[in-house]
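**Q** If you're matching them up, the sequences are chains A and B in order. First residue of the first sequence? That's 1 in our numbering, and the numbers climb one at a time after it. First residue of the second sequence? That's 311 in our numbering, and the numbers climb one at a time after it.
Since the hints were made in silico from the structure, they are not lab data. Careful, some of the hints might be misleading.
[Said to hold, decoys possible] Okay, derived cross-link-like pairs now, SDA-like style, lysine to any residue, Cα gap no bigger than 20 angstroms in a straight line:
1. B:343 - A:140
2. A:79 - B:469
3. A:209 - B:341
[As the list claims (entries may be wrong)] So the derived list for chain A, only partly shown, Cβ under 10 angstroms to chain B, looks like this:
4. 44
5. 152
6. 277
Cβ coordinates follow ideal geometry from the N, Cα and C atoms, glycine included.
The residues making up each chain are set out below.
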Amino acid sequence: MAAVNVQEKKKEIKVPRKYQAGSIEKSKGTNKQAGKKIGGTVGIFIFLTVLGLFMALPIYLAIIMSIKPVHELFVFPPKLYVIDPTLDNFRDMFQTLSDMWVPFSRYVFNSVFVTICVTVAQCVFASMAAFVLAKCRIPGNNFMNKLIVTSLLYQSNVIYIMQYIVMARLGMINTYWALILPSVASPMCLFLMRQSMTTVPDAMIEAAKVDGANMFTICWRIVMPNQKPALMTMIIFAFQAAWNIQGGTLVYKESLKTLPTVVQQAASAGLARAGVAMAAAVFMLVPPIVIFMMAQKNVIETMAHSGIKD
Amino acid sequence: MEQVHKTLKDSEIGKRTKEEERRLLWLQIKQNKECYFMMLPFMLVFFIFTIVPVVMSLPMGFTDFDMVQLPKFIGLSNYTTLFLNDSIFIQSIRVTLVFALFTGPLSYVLCFLLAWLINELHPKLKTIFTLIFYAPSMANVYTVWQLIFSGDSYGYLNSVLLNLGLVTAPVQWLTDSSYVLGVVIVVQLWISLGAGFLALRAGFQNIDRSQYEAGAIEGIKNRWQELIYITIPSMGPQLMFAAVMQIVSSFTAGTVSQSLVGFPSTDYKAHTIMTHAYDYGWVRYEMGYASAICMVLFIAMLVCNKLISKLLSNFMD
Numbered sequence: 001m002a003a004v005n006v007q008e009k010k011k012e013i014k015v016p017r018k019y020q021a022g023s024i025e026k027s028k029g030t031n032k033q034a035g036k037k038i039g040g041t042v043g044i045f046i047f048l049t050v051l052g053l054f055m056a057l058p059i060y061l062a063i064i065m066s067i068k069p070v071h072e073l074f075v076f077p078p079k080l081y082v083i084d085p086t087l088d089n090f091r092d093m094f095q096t097l098s099d100m101w102v103p104f105s106r107y108v109f110n111s112v113f114v115t116i117c118v119t120v121a122q123c124v125f126a127s128m129a130a131f132v133l134a135k136c137r138i139p140g141n142n143f144m145n146k147l148i149v150t151s152l153l154y155q156s157n158v159i160y161i162m163q164y165i166v167m168a169r170l171g172m173i174n175t176y177w178a179l180i181l182p183s184v185a186s187p188m189c190l191f192l193m194r195q196s197m198t199t200v201p202d203a204m205i206e207a208a209k210v211d212g213a214n215m216f217t218i219c220w221r222i223v224m225p226n227q228k229p230a231l232m233t234m235i236i237f238a239f240q241a242a243w244n245i246q247g248g249t250l251v252y253k254e255s256l257k258t259l260p261t262v263v264q265q266a267a268s269a270g271l272a273r274a275g276v277a278m279a280a281a282v283f284m285l286v287p288p289i290v291i292f293m294m295a296q297k298n299v300i301e302t303m304a305h306s307g308i309k310d
Numbered sequence: 311m312e313q314v315h316k317t318l319k320d321s322e323i324g325k326r327t328k329e330e331e332r333r334l335l336w337l338q339i340k341q342n343k344e345c346y347f348m349m350l351p352f353m354l355v356f357f358i359f360t361i362v363p364v365v366m367s368l369p370m371g372f373t374d375f376d377m378v379q380l381p382k383f384i385g386l387s388n389y390t391t392l393f394l395n396d397s398i399f400i401q402s403i404r405v406t407l408v409f410a411l412f413t414g415p416l417s418y419v420l421c422f423l424l425a426w427l428i429n430e431l432h433p434k435l436k437t438i439f440t441l442i443f444y445a446p447s448m449a450n451v452y453t454v455w456q457l458i459f460s461g462d463s464y465g466y467l468n469s470v471l472l473n474l475g476l477v478t479a480p481v482q483w484l485t486d487s488s489y490v491l492g493v494v495i496v497v498q499l500w501i502s503l504g505a506g507f508l509a510l511r512a513g514f515q516n517i518d519r520s521q522y523e524a525g526a527i528e529g530i531k532n533r534w535q536e537l538i539y540i541t542i543p544s545m546g547p548q549l550m551f552a553a554v555m556q557i558v559s560s561f562t563a564g565t566v567s568q569s570l571v572g573f574p575s576t577d578y579k580a581h582t583i584m585t586h587a588y589d590y591g592w593v594r595y596e597m598g599y600a601s602a603i604c605m606v607l608f609i610a611m612l613v614c615n616k617l618i619s620k621l622l623s624n625f626m627d
């Protein structure tokens, strides 16, 4: 492929030995580049740590509260640690969940199924559309770009009613479609991907075209592999949004409800069950955090790639 | 492809007839049908489940609609009531503006600054710090916030302040009208390192290393110069994305205020436009009026977006 040739040509440019890509990779991406003092890096680390401790406080408190026994929840002065950690709150939550007349596994299945469908569809659809919007000069393209941004800005509480009307017309109320379809076309993901793809050089695409690749191949084989950071970020957004889908007004059959709805139900009952509420929040937070860690690791590993831009 | 370009250029000399123009357009569409096919799945779903409901909701601001009877057209009456007779709406505009002016620019700068600082660290630390800063926007732990700012001495903040002797009696953070907006702003800032922040992180990761290498040869001396001459100019698209997300989150904030300081808040001090729309839509079921409120907000956001994209594009080039 011609794109490869472009890459090779790039590498031929003579660069003084100590600035060559290899030597930087060897230093594992830490900043031993020109003029970057190690002191500065330590300073940044300290600053971020202090700020990070502050930022992490609410999450930390939530975790702490979820493992506090009831008699420790409301002592004065409030403590930042647990003396006698317990999993009672989690047990209590699962107990409530398993007492419902729809088996708990059904909710888990609903949530997992919907999340996978939405995440995959969202990423695939948005990537393809973003590629076209960013890189093809075709009639209507500009209009579409404006439409996407405008739709991001539009917020209205009547929209749910209209969505219900559309769904009802299509006969999709109380089906899995009602949970999946409204979230599949996310203008945010598309916008993110499009913005990132505008930095792909046209020369690369032209070269692939000359070699006879069609647009589909160019998108998935040439452009997307270079968009790993944006793709991973999109997966994080998509998963997070999908995991929190509640169905709201579009689904009211108990057997179609998702985890967020039932977990909320199990956790709600005033301040006395604050511990259980925290357990529920922590429980719901685990999958997004796992996905986040996996995706971010990937984002950061891609950094050493180079030589594809002009 | 080439041919089309040629015809385009040649025909620019003479004038094209309407017929010719239409044929040219059709030719372009036909030649790029692959592109349209790739766009189709997204656009189809987007059209049915977003555009159609949006378009259907646009004229609702001109109607009287209570969700039981059919909407009744009443012209501009909703809008005149809004601006002339609804003092709480005027108050909510003020609150939203103060809120947006504080949280918008501040969290935008914070997003960029933190994304950049994290980028200067070792790869392993990057993941951890990104998680720490992003996590608050993932979790809906309003209960924790309520406990931190709780008005009795059991609240974390009050207990710390009492212990230090800074206050003598517990402060009513969530109900005292002089504090509520401040508290809501603080919490919003806390959870505002969301989509924009992650997009910027990805953007930093995507910058070609060879640019830094070239920069080093050309005499870039320190982090600041690197940031200003290399990083920012190649981050344009991500900065734009973050700006749009920031506009959306700071203008439409309402849930934070509602779940934290109650609904309605004391003296409507934290009553944003979104909260007002919620009030009329889901409490009083005056949907026509609520969608007029949303329309005003939408127009404000459009104007703001236009201004910011102009500002950013000047800045980038």
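**Q** Evaluate each hint against the coordinates.
**A** A quick look at each hint next to the structure:
1. A C-alpha spacing of about 12 angstroms is found between residue 343 (chain B) and residue 140 (chain A), which places the hinted pair at or below 20 angstroms, so the restraint holds.
2. For the hint linking residue 79 (chain A) to residue 469 (chain B), the alpha-carbon distance of about 10 angstroms falls within 20 angstroms, and the restraint holds.
3. Between residue 209 (chain A) and residue 341 (chain B) the alpha-carbon distance is near 14 angstroms, which keeps this suggested pair within the 20 angstroms criterion.
4. For the restraint placing residue 44 (chain A) at the interface with chain B, the shortest Cβ-Cβ distance is roughly 5 angstroms, inside the 10 angstroms limit, so the hint holds.
5. Checking residue 152 (chain A) against chain B by beta carbon gives a least distance of about 6 angstroms; that is within 10 angstroms, so the hint holds.
6. The beta carbon of residue 277 (chain A) comes within 5 angstroms of a beta carbon in chain B, closer than 10 angstroms, and the hint placing it at the interface holds.
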